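Chemist: Protein sequence lines, in the order shown, are assigned to chains A and B. Residues 1 to 352 (this note's numbering) make up the first sequence, in order. Residues 1 to 352 (this note's numbering) make up the second sequence, in order.
No wet-lab data here; the hints were simulated from the structure. Keep in mind that the hints are not guaranteed to be accurate.
Because identical chains share one entry, a pair is satisfied inside a single copy or across any pair of copies.
Claimed, not checked - Taking lysine-lysine and the DSS-like style, the derived pairs with C-alpha atoms no more than 30 Å apart in a straight line are:
1) K190 <-> K74
2) K247 <-> K275
3) K190 <-> K55
Small disclaimer: the values here were computed from a predicted structure and weren't measured.
Number of protein chains: 2
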Amino acid sequence: MGQDLTVSVDAMGGDAGPGIVVAALARSAVRHPDVRFLLHGDEVQLKPLFARRAKLLNKVEIRHSPEQVRMDEKPSQVLRRGRNTSMWRAIEAVQARQAQVAVSAGNTGVLMAMAIFQLRTLDGINRPAIAALWPTRLGQSVVLDVGANIETDAQQLVDFAVMGETFARAILGLERPTIGLLNVGAEELKGHEAVRGAAQILRTVNLPIEFCGFVEGDDIAEGTVDVVVTDGFTGNVALKTAEGTAKLVVGFLRSSLRRSFLGRVGGLLASGALKALRRRLDPRASNGGIFLGLNGIVVKSHGGTDSMGFASALDMAIDMARADVIARIVADRAVLTRASNPPAAAAGTGAA
Amino acid sequence: MGQDLTVSVDAMGGDAGPGIVVAALARSAVRHPDVRFLLHGDEVQLKPLFARRAKLLNKVEIRHSPEQVRMDEKPSQVLRRGRNTSMWRAIEAVQARQAQVAVSAGNTGVLMAMAIFQLRTLDGINRPAIAALWPTRLGQSVVLDVGANIETDAQQLVDFAVMGETFARAILGLERPTIGLLNVGAEELKGHEAVRGAAQILRTVNLPIEFCGFVEGDDIAEGTVDVVVTDGFTGNVALKTAEGTAKLVVGFLRSSLRRSFLGRVGGLLASGALKALRRRLDPRASNGGIFLGLNGIVVKSHGGTDSMGFASALDMAIDMARADVIARIVADRAVLTRASNPPAAAAGTGAA
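If we strip away everything but chain A, and leave its shape as in the complex, we get:
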């Protein structure tokens, strides 16, 4: 409503091609009538997709880019030759303040490299984290990092905690989200140096966040805390393990029902309920990894998603831009730096 929000979209990123991206824009334009879109990609492919969507073109500006990033390319290769790709251009529009947020379903590693290169990390942040929304017994939680940083030190985990907390306030609408560090046990002694060091900092520094100590893997689905902080290796394995387990259980359910006559009848009668279950577990509904810690917002959609999933990623991007997450993170980190007084860097060593 006069907010003039613009989303920059990489049309060529997903496995399925630009068709699902344009269909997702159509969905999103209905939901968010005041949002505009910059659509980067091959105009020869894109234009025909609007043939029966003339009205949508009022809100979408197609920007031709002659090349695209392939799923199997390495970041180092593309950074050299990539400036004509739709992905580069999508981020560039955010960097040039023509859009508030960029969305792509392309190669994660390249997207991260291009985002860091163009947008730069926030002052004091070494590497961005990827945050994901995770369905829980109580609703949703934020888990980060789910894949950007294979190894992290204590100070980085503390940064993730601050960024995740801000994100949870902005996106989940929580006034005072609770934070937990993912570990193998609740006792003080357990875990490797980085998690113990981060816990030490989060406990001693007078931060305005609600740190609840260590949580374990089963606490994520339980919703024990609103923000689960971990390194990108553990977070990525946990996320994919959970996806695999949900799929396994639903598969077991299906084969159990199929095995007997009563099961089949019962399954038919309960088909509404089973559909509701599938909706609740639908990975498309919480599609989108958010790159946090940059001077700008980038949302990564799953490469294999459909238009519904890509529309979810657009929703998330729009929510993020509206909530002005970056400005909030900057403000929160300023508080953190003051609170952990003298120089914050000294706290990074952890201590036993």
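Start from chain A and add chain B according to the hints.
Modeler: Then chain B, alone, in the frame of chain A:
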């Protein structure tokens, strides 16, 4: 059958007390008529439990131990004063060759410390790993380490691969189990130094095992490989995340069914199928973490399990002892050491 297999059992370990242990022995004695048990614990508590199980006493020798390990004790505290505990005595019987395997539902950290102290690790193994059986779409896989080693280097991961492979052959009856290293992506470049180094060793050394490269979190439930190798931090988080997710999905299913009349009727008709689902996901059925890498077998039962779960742990212990897993691991590692010729230790540095 004249095999003279004896299982040494810590009666005092679980949260529920020795009652469930004795009930589990009764179950196990029916299943394994040729097995004998040494039962360590407080005889004042134990004897009455056999009042109506006189026949079982033919197979069970009660050995009084005056003390027990508490769940909140630290390994360092107990190692000093612990020699009169039921847990210590249970392991001691294996060390003294009076039993082939020990089972306890007690404190994991203390059990591991006592097992290492008394049984010692196998030649060339620094720390044992804890292996778990994991339900998959295709049956079961072995995942290790699920909690013993918070940080591991490349050579340790290779050791886990060898131990896990032997375990899968012995317990899952596979002739040539496939092995995967848990990582965040299938590409060569990804992952931290330890996993990349381990992959390098497993690829170059001419080992008689079927190494399939990297797998991701969702591959575990998919059953992509028979043995999933990872460090104890990641493995523990993955295991608990999977448990939490399975519980979440079943909870979602239950609440979906309850929400509508048809759902309730359908759920009733399909109750047999839903029970089958629950059985398939029942954590008690695959209860038991196996300590691999020691001169003797120790099985850790979940502390909160019931007699059915403890009986599963006894089953697993008996299978392990029958398969003579330790001797096989020793033989396999000898092959490894020869194969990775000149000194195996040199390979430990990994290389890019």
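Chemist: For each hint, tell me whether it holds in the structure or not.
Modeler: Right, here's what the structure says about each hint:
In this assembly of identical chains, the alpha carbons of K190 and K74 lie at most 30 Å apart only when taken from different copies (11 Å versus 37 Å within one copy). Taking the shortest alpha-carbon separations for K247 and K275, both the intra-copy value of 14 Å and the inter-copy value of 18 Å come in at or below 30 Å. Within a single copy, K190 and K55 get their C-alpha atoms no closer than 58 Å, and across copies no closer than 44 Å, so neither meets the 30 Å cut-off.
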